[in-house]
Amino acid sequence: MKGLLLKDLYTMRSYLRTLAVMFVFYIVLGFVSRTSSFFAAFVGALCIVMTVTSYAYDQTCGWNLYGASLPVSRREIVRSKYLLALLLSAAGILVTILAHLLFVLGGRGGSLADILPNALGAGVSGFLIVIILLPVLYRFGVEKGRVVMMILAAGIMGGIFLMAQISPGIRIPEARIRAALWFAPAVLAVMLVISYFLSCRFFEAKDL
Amino acid sequence: MQELLTVRGLTRRYDRFTLDHIDFSLPCGSIMGLMGDNGAGKTTTLKLILNLIRRDEGEVLVFGKDNITCEREIKEEIGVVFDECHFSDLLRPADLGRIFSQVYQNWDSASYKALLDRFALPGRAEIKTLSRGMKMKLSLACALAHHPRFLILDEATGGLDPVARSELLGLLLEFIQDESRSVLVSSHIISDLERICDTIGYLHEGRMVFCQEKDALLERLGVLHCGEGDLVLLEPEFLLRVRRHQFGCDALVECRESIRNRHPDWALDRATLEEIMLFYAKGEER
Numbered sequence: 001m002k003g004l005l006l007k008d009l010y011t012m013r014s015y016l017r018t019l020a021v022m023f024v025f026y027i028v029l030g031f032v033s034r035t036s037s038f039f040a041a042f043v044g045a046l047c048i049v050m051t052v053t054s055y056a057y058d059q060t061c062g063w064n065l066y067g068a069s070l071p072v073s074r075r076e077i078v079r080s081k082y083l084l085a086l087l088l089s090a091a092g093i094l095v096t097i098l099a100h101l102l103f104v105l106g107g108r109g110g111s112l113a114d115i116l117p118n119a120l121g122a123g124v125s126g127f128l129i130v131i132i133l134l135p136v137l138y139r140f141g142v143e144k145g146r147v148v149m150m151i152l153a154a155g156i157m158g159g160i161f162l163m164a165q166i167s168p169g170i171r172i173p174e175a176r177i178r179a180a181l182w183f184a185p186a187v188l189a190v191m192l193v194i195s196y197f198l199s200c201r202f203f204e205a206k207d208l
Numbered sequence: 001m002q003e004l005l006t007v008r009g010l011t012r013r014y015d016r017f018t019l020d021h022i023d024f025s026l027p028c029g030s031i032m033g034l035m036g037d038n039g040a041g042k043t044t045t046l047k048l049i050l051n052l053i054r055r056d057e058g059e060v061l062v063f064g065k066d067n068i069t070c071e072r073e074i075k076e077e078i079g080v081v082f083d084e085c086h087f088s089d090l091l092r093p094a095d096l097g098r099i100f101s102q103v104y105q106n107w108d109s110a111s112y113k114a115l116l117d118r119f120a121l122p123g124r125a126e127i128k129t130l131s132r133g134m135k136m137k138l139s140l141a142c143a144l145a146h147h148p149r150f151l152i153l154d155e156a157t158g159g160l161d162p163v164a165r166s167e168l169l170g171l172l173l174e175f176i177q178d179e180s181r182s183v184l185v186s187s188h189i190i191s192d193l194e195r196i197c198d199t200i201g202y203l204h205e206g207r208m209v210f211c212q213e214k215d216a217l218l219e220r221l222g223v224l225h226c227g228e229g230d231l232v233l234l235e236p237e238f239l240l241r242v243r244r245h246q247f248g249c250d251a252l253v254e255c256r257e258s259i260r261n262r263h264p265d266w267a268l269d270r271a272t273l274e275e276i277m278l279f280y281a282k283g284e285e286r
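Heads up: the sequence lines are chains F and U, in that order. Just so we're aligned: the first sequence equals residues 1 to 208 in the numbering used here. Just so we're aligned: the second sequence equals residues 1 to 286 in the numbering used here.
Everything labelled a hint here was simulated from the structure, so no lab data went into it. Beta carbons are placed, not taken as given, at the ideal position from N, Cα and C, and that holds for glycine. Keep in mind that a hint or two might mislead.
[Unchecked claim] Only part of the chain F face toward chain U is listed, based on derived beta-carbon distances under 8 Å: (1) Lys-2; (2) Ser-73; (3) Leu-208.
Work out the full structure, taking the sequences as your base and the hints as a guide.
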């Protein structure tokens, strides 16, 4: 498992360096423009893009075939991708916290109370998309997976639009949203478990 | 002699192709070559041995253990070289050493370093900067540095220049000096197989046509160049396949020496592996 994770990190080494430079650039930009809101979107996108890129690298060079000929199970290969996404999310959350702390302590706006929710929101939302994406990638591959994801996204947007059309005046009270947030970790954990087992099932059934 | 690999009734069915009840075994201390035209089932056989694809029927025993139930244990002692280098272009040989030290229990970093030095592979260069020959040598270094007992090569010499191919084949002969080890190599470069293999398995349209000791096979079989009239005089039990052409016909025959004794004036040559393959692929049955 450690070897598989190392392989992903070494492969994305130059990519990670570029991201570090971008982080520094965004921190400077945030300081100058007195705004830090774009950090959340950046961190979420980072987790998604890096995990998909890692999967795409594996597919392009045929690593999955080679990896399965090593003394590691297919489940371990799948698990290493989830671990990579988790590590990237954790790193993203940490960097966001540090960046926001710099803004707050440097008197560039924001409040200490908002730092953790903002960072967690960004990291978790990115991870959430990844756990939806990974089974799709394991089932359809990168090319077809992209199409399936677009269809899924269109379906979700269509569903929301349809609901808005059916009951246009509906408003969810903020207290109910806050209460629902308490269940978010449990929902995320269940989704993670379902996603992982689906990915394992798809990958184990695949002829390499 | 103890068997390192036993394949019994191995079958995989696809819509347009079936690998049909393949049987063979590989003793310790030998090199077996799988030859066959494109799509004959060589790679499918190797992938089934490695459990990379699902088998429909049959059994594969490696070191006497089932290749599925004892998969991890078996793969600790197998080295694999595919026809392509399956490492990301962005990795470096030195990275692979660190990665595989976490994958194989028996990974020998000193041995890996020695192999990189022997192949003149730069540890710090990205794989994308290496030539095809260098990439194959890197794959071989990764396959050897955990001291496997069983080496599997799938078309590993394809696309290499003669010098690189010769080096690679030399390494396989060196590997086999330890008689507890074996090599299974698939190739459609028949001269490579003829040079290094002890046993030859010939796959044609998903079936194992023969799997025999190479020297005995080449000693036994012959190619008879004759006219249709002479062919009628040949004892039917000796005739395997015929290829007809405008000047007469060529026949693949068994018991070459017996035929020579009976018909000393006939043009009868030793058969090469390539000729045998062509007779089965293009020739007519007796």
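Now the hints, each set against the structure:
Taken as an interface hint, Lys-2 (chain F) checks out: its beta carbon lies about 4 Å from the nearest beta carbon of chain U, inside 8 Å. With a cut of 8 Å, the hint placing Ser-73 (chain F) at the interface with chain U holds, because the nearest CB-to-CB distance is about 7 Å. For the restraint placing Leu-208 (chain F) at the interface with chain U, the shortest Cβ-Cβ distance is roughly 4 Å, inside the 8 Å limit, so the hint holds.
Of the numbered hints stated above, none is contradicted by the structure.
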